[in-house]
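Line order of the protein sequences matches chains A and B.
Heads up: the first sequence is residues 1 to 600, going by my numbering.
Heads up: the second sequence is residues 1 to 400, going by my numbering.
Simulated from the structure, these hints should not be mistaken for lab results.
Certain hints may be false.
[Unchecked claim] Some chain A residues near chain B, calculated using beta-carbon distances under 7 Å: (1) 379; (2) 553; (3) 563; (4) 569; (5) 577.
Don't be surprised by glycine CBs; every beta carbon is placed ideally from N, CA and C.
Now for the letters of each chain:
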Amino acid sequence: MKDPKYIRNFSIIAHIDHGKSTLADRLLELTGSVPEGKMVDQILDDMELERERGITIKSHAIKMDYDAPDGNIYELNLIDTPGHVDFSYEVSRSLAACEGAILVVDAAQGIEAQTVSNIYLAIENDLEIIPVINKIDMAAARPDDVAEKIAELIGGEADEIIRISARTGKNVDQVLDAIVQNIPPPQANVQKLLRALIFDSYYDKYRGVVLYVRIIDGSIIKGDNIKLMASGKKYEVDELGYMKLELSKTDELVAGEVGYIMANIKEVRDARVGDTITSTNNTAKEPLPGYKDAKPMVFSGLYPTNPDDFENLRTALSKLRLNDASLTFEPESSAALGFGFRCGFLGMLHMEITQERLFREFALDLITTVPNVRYKIITTKSKKLWIERPSDLPEPTNIEYIEEPIVRAEVITPHEFIGVIMELVKVRRGKYRETEYVDPNRVLLRFDIPLAEIIFDFFDKLKTVSRGYASLDYEFLEYRKADLVKLDVLVNGDVVDALSMIVHSEETYFWGQKIVSKLKELIPRQLFEVIIQAAIGKRVISRARVAPLRKDVTAKCYGGDISRKRKLLEKQKEGKKRMKMVGSVEIPQEAFFAVLKIER
Amino acid sequence: MHIYIHIPFCVRKCRYCAFYSIGYDSGIAKEFVNSLFREIEMMAIILRNRNNFYDNDTLNTLYIGGGTPSILEPALIGEIVRAIQQNFGIDKFDEFTIEANPESVSRQKVDRYIEFSANRMSIGVQSLDDRQLKFLGRIHNSEQALDAIKSARAAGIRNISLDFIYGSPNFDVKSFLPTLERTIAFGIEHISLYSLTVEPNTPLENDVRKHLIVLPTTDEVGEQYYAIAEYLDSQGFAEYEVSNFAKAKHRCKHNLAYWHRQKYLGLGPSAHSFDGEYRWANTKSVERYISAFSRKYIPLNNKIFGDDFAKMLADLKLPIDFIEKLTPVQEISEIVMLGLRLDEGFYIEKLGDYAEKIIEAAKELLVHKILTFDGEKIWLNRKQKLLADGVAAKILRQVN
Ligand SMILES: Nc1nc2c(ncn2[C@@H]2O[C@H](COP(=O)(O)OP(=O)(O)O)[C@@H](O)[C@H]2O)c(=O)[nH]1
Ligand code: SF4
């Protein structure tokens, strides 16, 4: 049994590209945890999508045995955290499994907004922070400046901050020493009743759900009967062990340690991140703090382009959900799009990733409706309704008022962009709160803004107006009353439910005109005239016409070559199949997403 | 039966042409004709043994197209026709068309064609505007075109078809209609009207891609078509197919066979055939065609006449570019696609199990007065002819 004195649990906090993976790579090499030459990115970022997007979506963990200069062998558990706001809850749980965090800051880039909020999270979790300035080998490196700023932010002496090059390996050994010396060993009591924190989980086709856990109190062995305190579900431990390059079985995990548990769990939602594992017979009194049922914030309808794929889509979503506790879906039907699912996501990134996986891993061609938030409706009869799609909004006469989710957003930006960002925030109905100086050149702007505004193109716009310098972080604040109405889109007189949107009453004309002209651009000319209208209730506020085609001939029919003609027709037919028939009008898939492309 | 023969030679390639043709060379032409004889002999035996080509086919048509058939020595044409007649046992063709380009038509040639029993000529006039002809890369001028028509007429061809192109840059209906009038005055019977189409791998495509040429919009091309069609109608030419207009009793029987999905045999490079079940096409390469038929081929014996036609053609190492056996859906697609191009439309009874689905799919288009349905057949209204492909695709997306 490992003496907790020789255990260190830590994570690495870093902005994308600041060198987290490279540093992890070096640490694994220095501790001899990885055969030479095998890159760590392959271990830490093992999902293709993650690699492509350069973000970590899931947490990962790895155990290293470090033969320290003091002659002792330390068990170092590196717990990697997701790097995106959509997953800040997961980040918080990973941090809760650690006693320390290495803060990696790029010597040329300095600190970014997301990093700041993760630092705060780390501080909230009482983690010992070891700041490290990376990439000092670069010409643009300004380690002294960056060191000053780090010291301002987290305290401590600027000149004591470790300066490394993860690429060349320079000074990385100092990081190892700091981990052993500065990060406190876990406060572990093996005698207490079992409490283990689930900080990550994934679904394995062959073995079911694998839980990544930090044992806080007590110990656990194979065959133990366990209970999940939040879900109440009970299981028998089937296997447990450490995360090394591969999973490595062991007999027992004890307080202070990090490891994995398998217990015939079918879906990750049965054992959610943040839940506490205890023993069925000797149940701990209190669960570990901090559990949250990560609730979806963004909703979108997913419809198979080919109606026959409906069941396939259901199967695919069920499969994804095995491994994604935050994904929700419920069948819904749309007059325009047929049968599909209303899916809930943590945020836009989560949504995009899910869609991309459905496409890549399940070859499903989908139509996605414009994402929206969940609205709270108070009816004139004082009933409370939650709606997740605009077409479900009751008649205006039955609505007392509507509330929408507001987030607290933080933007860190160089000075010169404060003006344009404030403007952006204002246009998007944001309310400015306060400004904080991060360092002499940069400020942190805090404001409240409807989530609905953020999920449109706020992030892209922010990047554009700040030439890429500003960064964004946000979290849910509360529901607030807002003057909102439903804007309908009609195509040849029929309301296309999938195109309805909820907008602020002062912006109806703006949206009405924009959506109509965008659709006019996107809807190809058809065999007959198409009239597009935007309406509030019965009142049409904008209109456009797509003239009918005069000629729609793909090729001549020369001589006896009927085959070529037929093949061209088949192609044209396939092209049409990618469009949705709404009434008799063919609407391309992009149209259902058109609102997102509207310039403000 | 219906036979097409492809003569793959032209004096020079036109700018827009995607047909298979090469420069004329009397030596190659001889070799080609020799190979053609071999192909005729072989196909005659094969089809006789397949026993599915001659049934119920009351009409016999022959169409010698190209390329530029009129470039060949008339004597060679005579030999080809004789070979066809002997091998397939046809005395007389109900319709025998020879395609000709104005620069190579002469009274003497036409006299010979008539001797060989030709009774229809299709002349590639394309335009009577010399600037247009130049733009198209044609080698004749308007005078030659008119002379060609006169020669054919004087020699006694009573069924003349002229090809015209519209939709080219600077094409102007107002000046085009008088052209038509002049040619109609010769008493011609048939007109084929094609819009200039940018085919892949043509000089025209290249010029368009480099923006050296700006084509009229599809709307403009559409307006041109409807104006010309209207005029032709007023002159007694019925629009019996999207691109074809004929005086009474002068619809092209051979082409109608294609559109009615009757069986036809195509001979020569790039020629297409259909036996009611399979569609296949010969190689486009004149060289490969010639060499395939000049080698010592496998003797045709009973062993090879199995059920699998595609396999048989492969075993015989015939120079086939592709062969496909049509699926039921493909058959339906063809019926609809081809039928919509015809004034009569397509017959519901031919659609079998798909009839209901297709009528359902057509409903919306009936409402918009794009289609008409008389309980027996569905057709595209005249003012909507150029929507044929879009309508076919829209209807057929419901059929899988
Ligand atoms: N010059 C230099 N480049 C580095 C250093 N550390 C990492 N990089 C590079 O920075 C980029 C991002 O590093 P990576 O470890 O993938 O960052 P992550 O997104 O934080 O995991 C990669 O191209 C690395 O090779 C360093 O110390 N010096
Ligand atoms: S004459 Fe006809 S076949 Fe020959 S190149 Fe011109 S268009 Fe093509």
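Taking the hints in turn, this is what the structure says about them:
{"no.": "1", "hint": "379", "verdict": "violated, 39 Å"}
{"no.": "2", "hint": "553", "verdict": "holds, 5 Å"}
{"no.": "3", "hint": "563", "verdict": "holds, 5 Å"}
{"no.": "4", "hint": "569", "verdict": "holds, 5 Å"}
{"no.": "5", "hint": "577", "verdict": "holds, 5 Å"}
Hint 1 from the list above is the single one not met by this structure.
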